[in-house]
Amino acid sequence: MRDVAVIGVGMTPWGELWEKSLRTIFVEPALVAIQDAGVDKVDSLIVGSMSSGLFIGQEHLASLLADYLGYGPIPAARVESACASGGLALKMGYLEVASGLSDVVLVGGVEKMTDVTGNEATFALGTAADQEYECFHGITFPGLYALMARAHMEKYGTTRRQLAMVAVKNHLNGSKNPLAQYPFPITVEAVLNSALVADPLRVLDCSPITDGAAAVILAPLETAKKLKKPVVKITGLGHATDTIALSGRKDITWLESVYLAGQQAYRMSGRKPQDIHFVEVHDCFTIAEICVTEALGFVDKGKGGQAVEQGLTSIGGKIPVNPSGGLKSKGHPVGATGVAQAVEVVKQLRGEAGDRQVKGARVGMTQNMGGSGGSCLVHIFERQ
Amino acid sequence: MEGIIGYGAYIPRNRIKVEEIAKVWGADAPSYKKSLMLEEKSVPSPDQDTITMSVEASKNAVRRARIDPREIGAVYIGSESHPYAVKPSGTVLAEALGATPEVHTADFEFACKAGTEGMFVAFGLVRAGLIKYGLGVGADTSQGAPGDALEYSAAAGAAAFLFGRENVVAEVLNTYSYTTDTPDFWRREYQYYPQHGGRFTGDPAYFKHITGAAQGIMKLAGLKPSDFAYVVFHQPNGKFPMRVGEMLGFKKSQIEPGWLVPRLGNTYSGSSPLGLTATLDIAKPGDLILLVSYGSGAGSDGFVFKVTGLIDEVRDLAPRTRDLLEKNKRYLEYGVYAKFRQKIRKAD
Amino acid sequence: MPTPSRNWREIPQRYRFEAGKCKKCGYIAFPPRVICPECRSREFETVVLPERGKLVTHTIIRVPPHPFADQAPYAVGIVELENGLKLTAQVVDIEFEQLRAGLPLRVEFRKIYQEGEAGVICYGYKFVPV
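For the record, the sequence lines run as chains B, D and H. For the first sequence, the working numbering assigns the number 3 to the initial residue and increments by one for each residue that follows. For the second sequence, the working numbering assigns the number 40 to the initial residue and increments by one for each residue that follows. For the third sequence, the working numbering assigns the number 6 to the initial residue and increments by one for each residue that follows.
Where hints are given, some of them may not hold.
Unchecked claim - Taking lysine-lysine and the BS3-like style, the derived pairs with C-alpha atoms no more than 27 Å apart in a straight line are:
id, chain 1, residue 1, chain 2, residue 2
1, H, 26, D, 366
2, H, 116, D, 378
3, H, 59, D, 366
4, D, 126, H, 116
5, D, 323, D, 98
6, H, 26, B, 227
7, H, 59, D, 368
8, H, 29, D, 98
9, B, 252, B, 320
10, B, 252, H, 26
11, B, 252, H, 29
12, B, 252, H, 59
13, H, 29, D, 56
FYI, nobody ran anything at the bench for these hints, they're computed from the structure.
Let's have the full structure, built from the sequences with the hints guiding it.
This is the structure we're talking about:
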């Protein structure tokens, strides 16, 4: 197996992109990544997208996008793991390069979510849960995470304010991200006063509906060393699943898939939590970020709420979480998120993150999650 | 000996008071309360219908009968608010109980008499020896047109009766039915609310058929009103059953245990069946009970029951009807009631 | 968007609370499974789940998915049955303020939703306070 590096990244502004179709939304950052990598060919395309079928009636997506990319009749595949589709695409791209099958792999993630009504979007997102035994009973994703939040609050004393602080921190970071959907700060009071979606979670606890895409170019480490940019290697990779239904978990306040994926990535890279300089996590809801920081071992079980309150996870804190603004401020075009996390990590490791720069960043991590924790992909990136 | 081996009731917890309805339509609540002898009625939640209530009432009947539901040979739901126009309600009940696939099922309709019809036929099959156990259920989530007199009383509830030959709790001594073609109350296909003939629904309809059936069955059985411990009549409002009882020579104390309507409303196909469950809840071994239902269109079914010694053993194996009527109530405002009963016109 | 067959297939679970019990290790699968995730045995027997349990945690859905549009707000919880099995379902006939972890509940047969004015009606289980 060869070592794999990220040699190019691309992302364009996210938001409600009424004028752009999914194809356009995908191709634009893909071309930015290709140019950033300085390659003139692409051997293979892996696309992460959760539900182009339900959102715009389009399947056979990878082939469509390979065509629109304009780099020839390349092999193309779409992978799906609900909201972890992007992270999974990254893993699949990694495997193609590591195995020697391809030398230049374009990994992209894309979702076009605004061509359907709010109710239809909620339904499409709900397909990441157990249709017959969760969704049949009227639960939604905010509802599932609300169940997790209430249980976490009762078991560990996590407070409503601590949840709000996650959103506030991420918006503060996102206000420095020109590509974010909502690049402005918010206050704790704004979160606490926003409308209830599924008690105790409110509108500002939830990541938004977004159109957007992101792309990275993967190549063998040897290729990266010949380029003029800082070399970023993928040193660790972890992937795990769990019961798809939240009610099937032994402990509904603990994300076992995140723990297992994290452990695999740490083992492969030879790193421990204290070695990680910053992490991009899957804050689909504020409680998710809290549970993830615990499962990845950055804080003790139950202490995730206190950590954000104490500023441990702010930029400049002991373990910055979501310097990009996270899903909350940056947006969450479902399939694109996992790839966008990688884009941010690479920019940080190259020192290109501007006002969001984590000082001395040399080891970064991404954590991408599907559903209520039914799947998780973790990657560790290191500047060589 | 054949008869009832188990009985069960179900009443939704929501209520709306006469005053609340009258307020919206500018009507005089005290005069409605007095003329109808009615205070409040039950309202089904949006997740309840004839089928869901039948399932819960039937489960209560199975609890009291203490039988294996697989041996139920017939399942009949009588209602004027079957959820589907075409697709039986009874099959859902039969599946929920685990009586399928060896079971006969049919849905019954005859305005408010549909419940006792199901009972009539289920009992008949048991008496004929064709099945071991038969289930007859009366259930409704009836609608009253907004602002119409019937809106004050149209309520929701279900009562289920299992008939068999062993461990009989109330023996069926006689059955009788009195039927004519009398258009006092009807609903055409595709119409949302029923129509009625106003005062025509009184003497030529309700009173004629109930007295016809009551006198007919008493003559058949060789019994008079004073022989009965209790009598249950169909209860479209509080006044009618009291008046017909008086006309026939019954005393108020015989009617009162089964007289649920003042605080329940008219549960249509569930009306006299629920009255029977409330009566069985307090009856003593040896008591004779007369049941006379009424369905517009028109007809009345009559039953004479004799309570056995088993009643004391089974009565508390499931909730008592008066407890379902009085406990855990939730009062609704008219707006929520109208939303629950789908009286509000929404966008397509 | 249910098709008649999808809902019909789950009737033993939705109407009768039937689960599969692994003959080898006793694991209870709800819904029933082909293979036991604990011991990999393929032999199961049908068991009926207990009717009673307690509330583990709950939420109030205020932004409902399409088929539940008219029902909001409603409470959904994770309920732990007397045999330890946990499942997700609505909790009804109780004021939201009274919902708390540990609340004793029992199962009741209710309408879950219907496919518009002309489609199939889907029934199933909800929980009510004891």
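Those earlier numbered hints the structure runs against, lowest number first: Of the numbered hints given earlier, those the structure breaks are 1, 6, 8, 9, 13, listed in rising order.
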